[in-house]
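*Asks:* Here's the letter readout for the chains.
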Amino acid sequence: MKAIKPTGIAPTFQEIKRQAQARWRELQGARAVIMVGAATCGRAAGALTVLRAFRDELKKQNLDLPVIEVGCMGHCYAEPVAIIAREGYPPIVYQQVNPVIARRLVKEFILGNDPCLDSVLGALEESELVPSLADFPRAQFEQKIILKNCGYIDPEEIDHYIANGGYSALAKALQLKPEKIINEVKKSGLRGRGGAGFATGQKWATCRQAPGMPKYIICNADEGDPGAFMDRAILESDPHSVIEGMSIAGYAVGARYGYIYVRAEYPLAVHRTRIALRQARKLNLLGKSILGSDFSFDIKLFQGSGAFVCGEESALIASLEGRAGTPNNRPPYPAVSGLNGRPTVVNNVKTLAFIRHIVDKGAKWFAGIGTPNSPGTAVFALAGKVVNTGLVEVPMGTSLRQVVFDVGSGIPKGKKFKAVQIGGPSGGCLPESALDLPIDFDSLAEAGAMMGSGGMIVLDEDDCMVEIARYFLEFTQRESCGKCTFCRLGTKQMLETLSEFTKGKGQIKDLDKLSELAEDVKAGSLCGLGRTAPNPILTNLRYFRDEYEAHIREGRCPALMCPELIAYYIIPEKCELTCDACVGTCTVEAISSHHKKRYKIIDQEKCVKCGTCLTSCPPQYNAIIKVSPPSAVPD
Amino acid sequence: MVKTEEKTKIREQTRRILKRLSRKRGNLIPTLQRVQAGLGYLPREAMLEVAKFLGIPEIDVYGVVTFYNQFRLNPPGRHSIRVCLGTACHMKGGYITLDAWKRRLKIDRGQTTPDREFDLDTVACVGCCVMAPVTVVDDKPEAKVEPTKVDGILLSFERERQKRGKKKR
Numbered sequence: 000m001k002a003i004k005p006t007g008i009a010p011t012f013q014e015i016k017r018q019a020q021a022r023w024r025e026l027q028g029a030r031a032v033i034m035v036g037a038a039t040c041g042r043a044a045g046a047l048t049v050l051r052a053f054r055d056e057l058k059k060q061n062l063d064l065p066v067i068e069v070g071c072m073g074h075c076y077a078e079p080v081a082i083i084a085r086e087g088y089p090p091i092v093y094q095q096v097n098p099v100i101a102r103r104l105v106k107e108f109i110l111g112n113d114p115c116l117d118s119v120l121g122a123l124e125e126s127e128l129v130p131s132l133a134d135f136p137r138a139q140f141e142q143k144i145i146l147k148n149c150g151y152i153d154p155e156e157i158d159h160y161i162a163n164g165g166y167s168a169l170a171k172a173l174q175l176k177p178e179k180i181i182n183e184v185k186k187s188g189l190r191g192r193g194g195a196g197f198a199t200g201q202k203w204a205t206c207r208q209a210p211g212m213p214k215y216i217i218c219n220a221d222e223g224d225p226g227a228f229m230d231r232a233i234l235e236s237d238p239h240s241v242i243e244g245m246s247i248a249g250y251a252v253g254a255r256y257g258y259i260y261v262r263a264e265y266p267l268a269v270h271r272t273r274i275a276l277r278q279a280r281k282l283n284l285l286g287k288s289i290l291g292s293d294f295s296f297d298i299k300l301f302q303g304s305g306a307f308v309c310g311e312e313s314a315l316i317a318s319l320e321g322r323a324g325t326p327n328n329r330p331p332y333p334a335v336s337g338l339n340g341r342p343t344v345v346n347n348v349k350t351l352a353f354i355r356h357i358v359d360k361g362a363k364w365f366a367g368i369g370t371p372n373s374p375g376t377a378v379f380a381l382a383g384k385v386v387n388t389g390l391v392e393v394p395m396g397t398s399l400r401q402v403v404f405d406v407g408s409g410i411p412k413g414k415k416f417k418a419v420q421i422g423g424p425s426g427g428c429l430p431e432s433a434l435d436l437p438i439d440f441d442s443l444a445e446a447g448a449m450m451g452s453g454g455m456i457v458l459d460e461d462d463c464m465v466e467i468a469r470y471f472l473e474f475t476q477r478e479s480c481g482k483c484t485f486c487r488l489g490t491k492q493m494l495e496t497l498s499e500f501t502k503g504k505g506q507i508k509d510l511d512k513l514s515e516l517a518e519d520v521k522a523g524s525l526c527g528l529g530r531t532a533p534n535p536i537l538t539n540l541r542y543f544r545d546e547y548e549a550h551i552r553e554g555r556c557p558a559l560m561c562p563e564l565i566a567y568y569i570i571p572e573k574c575e576l577t578c579d580a581c582v583g584t585c586t587v588e589a590i591s592s593h594h595k596k597r598y599k600i601i602d603q604e605k606c607v608k609c610g611t612c613l614t615s616c617p618p619q620y621n622a623i624i625k626v627s628p629p630s631a632v633p634d
Numbered sequence: 000m001v002k003t004e005e006k007t008k009i010r011e012q013t014r015r016i017l018k019r020l021s022r023k024r025g026n027l028i029p030t031l032q033r034v035q036a037g038l039g040y041l042p043r044e045a046m047l048e049v050a051k052f053l054g055i056p057e058i059d060v061y062g063v064v065t066f067y068n069q070f071r072l073n074p075p076g077r078h079s080i081r082v083c084l085g086t087a088c089h090m091k092g093g094y095i096t097l098d099a100w101k102r103r104l105k106i107d108r109g110q111t112t113p114d115r116e117f118d119l120d121t122v123a124c125v126g127c128c129v130m131a132p133v134t135v136v137d138d139k140p141e142a143k144v145e146p147t148k149v150d151g152i153l154l155s156f157e158r159e160r161q162k163r164g165k166k167k168r
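Read top to bottom, the protein sequences are chains R and D. The first sequence stops at residue 634 when you use numbering that gives the first Met the number 0, and every number in between is there. The second sequence stops at residue 168 when you use numbering that gives the first Met the number 0, and every number in between is there.
Note that these hints are calculated values from the structure, not bench results. Hints should not be assumed to be uniformly reliable.
As the list claims (entries may be wrong) - Capping the alpha-carbon separation at 20 Å, the derived lysine to any residue pairs in SDA-like fashion look like this: (1) D:101 x R:508; (2) R:508 x R:498; (3) R:299 x D:23.
Please build the complete structure, drawing on both the sequences and the hints.
*Replies:* So this is what it looks like as structure tokens:
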């Protein structure tokens with residue numbers, strides 16, 4: 000590796016790093032450090048009250064110990080999560096912490112010597128006291144690269160990032176020739192993590208060669224996929240990794256400016272990214288002559304305004320230019336003519352987060368992970384009917400079964416697995432028979448789904464496949480920008496057909512019409528939204544046709560989900576006469592006692608099918624059931 | 000109908016917000032975001048002011064405002080209720096939660112209660128899928144909001160309102 004010029008980059012950066020490490024050591028040297036996972040999902044679970052409780056209690060006990068906010072560790076099922084690193088103990092992760100537990104931890108663990116084992120999730124290091132997270136069965140399948148820092152550093156402190164190896168890849172890159180970096184990325188085989196899986200190195204090379212100045216790097220954080228939250232988690236937990244990736248990309252393609260396009264629905268990600276940008280500028284890791292080199296690069300943050308189609312790169316660029324986000328015909332690709340008609344690289348958050356690792360550890364290392372055609376790891380947001388919900392990072396080529404059952408620990412409440420929905424509205428539902436597929440761009444596409452951006456929703460026997468297809472079509476229909484006729488009208492027509500099915504109407508021959516129309520919409524749309532909108536229907540018809548037929552022929556919803564096709568019913572023999580739990584909780588006062596025999600009856604006319612009675616009926620009676628079709632309710 | 004005085008007031012307020020912003024055409028969306036942050040919504044007068052300020056046709060402003068979900072044309076309520084309808088929330092009963100809000104507030108999505116206390120809308124996904132079904136109440140995501148929790152949240156607002164009323168007296 001030949002340096003282009005012996006600048007002062009290395010010494011300048013070494014000094015920054017030395018100071019960051021000193022501060023990091025100082026923090027680690029405290030008698031105890033408390034870290035609370037305060038990303039959006041943690042906050043929804045109450046992380047901020049836990050944070051306050053820790054601080055209050057420390058003050059009350061006259062302890063001056065650091066309490067820091069960290070991002071998301073990925074163990075979302077255990078939120079709110081807190082890590083306590085106390086002298087003489089391995090760092091211990093506590094789960095489902097509430098203010099009471101927080102106060103107890105201060106009094107009994109930090110002041111006393113009782114690590115409160117009943118609230119422990121695991122330890123971060125091997126020890127005899129607490130099993131470590133690395134010994135969890137799921138750890139065998141996981142390999143954290145871009146999520147490594149998430150949940151362990153304070154995203155609002157650049158020092159934490161630098162002390163853990165951050166920005167050293169940028170310092171290294173600035174001493175290499177740009178072509179060399181592009182070659183390295185090409186050799187690594189990195190494919191875009193936004194969904195389509197285009198070769199990143201190729202994109203960069205095209206942009207570098209394209210004439211026109213200034214060039215731009217855009218980070219696509221418009222994670223519009225309902226059910227996906229990887230990009231949010233990364234920006235909230237480790238924003239500098241994305242900034243560093245963008246700067247390296249900027250250096251490699253010769254760009255002067257960068258934009259991070261974030262959804263406005265992610266206020267915390269916006270806030271933390273803003274702070275990160277400010278801190279990076281202060282240390283000259285962004286701005287003019289970065290680290291004393293002749294490379295200048297700055298990044299602006301742009302808030303999207305809630306349009307799913309803006310995740311498509313040409314629509315995103317239109318939106319950045321202040322117009323309605325409608326896609327354009329490609330070619331020319333943005334790499335040749337993008338923002339303001341200039342060459343522009345648009346990369347997903349995760350793609351950019353990989354860059355620093357590739358520069359640091361080399362293309363060979365990266366290409367050795369995953370499969371030959373899809374190297375590296377895949378990050379999934381695992382949610383829905385699965386025990387261990389959260390963020391998962393596994394090498395490409397891991398099977399779906401391993402992700403759902405080994406990492407996710409399967410389906411809760413002993414229910415039966417039905418399908419896994421991948422790729423959101425552009426993807427599809429894959430059944431049990433497809434679970435042994437390896438996760439990579441090509442296998443998923445073959446099965447009719449799509450890698451997408453990485454949302455993975457597990458569905459069980461209570462989820463209706465017709466309803467989920469209808470749900471996605473309702474979404475794409477509303478989000479269609481209206482430019483292409485097939486997408487605009489086709490999605491509407493498909494939605495109407497599916498809505499009829501969920502009401503038990505429609506005819507069997509509509510199924511063929513539906514798949515025909517789906518193929519037409521696929522062929523007749525310009526951008527990814529329209530071209531993939533029919534995927535949920537097509538995979539459903541391929542794997543779950545019998546459920547459609549049950550809706551149409553029998554007016555029956557096998558999963559007991561479609562509101563118009565079900566009824567709630569109280570079995571008189573099982574109903575406990577002295578209990579009226581359901582009567583009180585019914586939100587519309589539809590339940591009353593039989594005038595003589597005193598068992599409860601649901602007034603079907605009044606019932607809004609919210610299911611509250613079913614959850615309120617004590618498990619020892621279990622008297623309320625759902626039936627389908629509604630006519631199955633005895634008189 | 001918006002009264003003339005109110006119209007003038009809106010225009011003045013908008014101009015005050017615009018004063019600090021740049022006149023670049025490309026800044027249309029951030030500009031609208033700022034104006035909405037100040038006024039709570041984008042009334043006709045505000046859009047006219049923005050068009051004048053950036054020197055672009057009014058229809059371009061209106062086109063952008065109606066294209067993006069984030070912009071609203073009617074005034075917000077004191078409390079904003081955003082029901083998440085992401086995939087996980089939907090499958091775990093988000094649609095039932097939405098029904099419960101509609102039933103209790105007696106308004107449809109995209110509307111504000113006549114007393115301007117609540118406005119109800121849906122959001123595609125707030126990325127808290129593991130807490131499904133989520134409702135974002137005044138920018139705070141509430142976990143596992145089922146019909147009974149809807150009643151609970153409304154009750155706490157009602158109590159707050161009573162407290163406020165007592166203080167006034």
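*Asks:* Compare the structure with each hint and give your call.
*Replies:* Hints versus structure:
1. D:101 x R:508: violated (36 Å)
2. R:508 x R:498: At roughly 15 Å apart (the allowed maximum being 20 Å), residue 498 of chain R and residue 508 of chain R satisfy the hint.
3. R:299 x D:23: Holds - the C-alpha atoms of residue 23 of chain D and residue 299 of chain R are around 15 Å apart, at most 20 Å.
Going down the numbered hints, you'll see the structure goes against just number 1.
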